[in-house]
Amino acid sequence: MSLATLLLLADGRLPSGGHAHSGGLEAQIAAGRVKDVAGLDGFLRGKLATGGLVSAAFTAATCGDVSRCAELDAGLDARTPSPALRKASRAQGRALLRAGRAMWRLTGPAGRDPHQPIALGVLAAAAGLTPGESAVAAAHGIITGPASAAVRLLGLDPYAVHALLARLAPECDRIAAVAAGRYRDPVDDLPSAGAPLLDIGAEHHATWEVRLFAS
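At position 10 of the sequence shown the residue is numbered 10 (the working numbering), and the sequence of numbers has no breaks.
I should point out that these hints are in silico values taken from the structure, not numbers from a laboratory.
Given the structure is predicted, the values throughout are model-derived calculations rather than measurements.
Note that CB positions come from ideal geometry on N, CA and C, so glycine has one too.
One should not assume that every hint holds.
Claimed, not checked - The list that follows gives simulated cross-link-like pairs (lysine to any residue, SDA-like), each with its CA atoms no further than 20 Å apart: (1) 87 with 104; (2) 35 with 163; (3) 87 with 213; (4) 87 with 126; (5) 35 with 162; (6) 87 with 211; (7) 87 with 163; (8) 87 with 103.
As the list claims (entries may be wrong) - Quick list of the computed label-pair ranges, beta carbon to beta carbon: (9) 19 with 67: 38 to 48 Å; (10) 15 with 70: 20 to 30 Å; (11) 71 with 209: 17 to 27 Å.
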């Protein structure tokens, strides 16, 4: 594997539209559930255990066999009850595929825009990464996006936020390993952990006239 390629996929500067999304954090801050670094810690741990596990598992499964894109995309759609989150995920998937086509020859979904984890799996496969490596990229993205948004939304010390990310690295690796270990599972058997407060928050957030992030 190419470590540099893995770093490229995990780089927040990749033009995939992720900078426009807070991963649900903006709504939770408005609700008063996240106010400081300690609150952000709890939020990110919860994201890893739920959406992070699901995202990493579906990314790994796609990377392992891109011919499964359609069924995996449908399975992920069923695990995303919030219409606002489905829209945000597909918007990021579309942007990610656009970036990927500029870098590699892609084999994967045609027609409708895939969910972000499916698109990430397609890129990882095209880049020659393994399912395990793609799962690391997915889990990493689940926490770094909201962490970056927290600095902008709450004015947190970026050094403290990155110290938090460093402390979360072992948990990120663990979640990725669990997810990657199931990449051959039938779609119905893949993880389906949910976070109802994020679903509810996303629907409220979508109605705001003024917001910093798209989701």
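For each hint, the structure was consulted:
Note on residue 87 and residue 104: the hinted pairing is violated, with a Cα-Cα distance of about 25 Å set against a maximum of 20 Å. Restraint check for residue 35 and residue 163: the C-alpha separation of about 17 Å stays at or below 20 Å, so the hint holds. This hinted pair checks out: residue 87 and residue 213 have alpha carbons roughly 14 Å apart, not beyond 20 Å. Note on residue 87 and residue 126: the hinted pairing is violated, with a Cα-Cα distance of about 25 Å set against a maximum of 20 Å.
Straight-line distance between C-alpha atoms of residue 35 and residue 162 comes to about 17 Å, which keeps the hinted pair within the 20 Å bound. This hinted pair checks out: residue 87 and residue 211 have alpha carbons roughly 16 Å apart, not beyond 20 Å. Among the hinted pairs, residue 87 with residue 163 is inconsistent with the structure: their alpha-carbon atoms are about 32 Å apart, more than 20 Å. Annotation: proposed proximity of residue 87 to residue 103 is violated, straight-line Cα distance about 25 Å (limit 20 Å).
Taking the beta carbon of each, residue 19 and residue 67 are about 31 Å apart, not inside 38 to 48 Å as hinted. The hinted window of 20 to 30 Å between residue 15 and residue 70 holds, with their beta carbons roughly 26 Å apart. Hint check: residue 71 to residue 209, Cβ distance near 38 Å, so the stated range 17 to 27 Å is violated.
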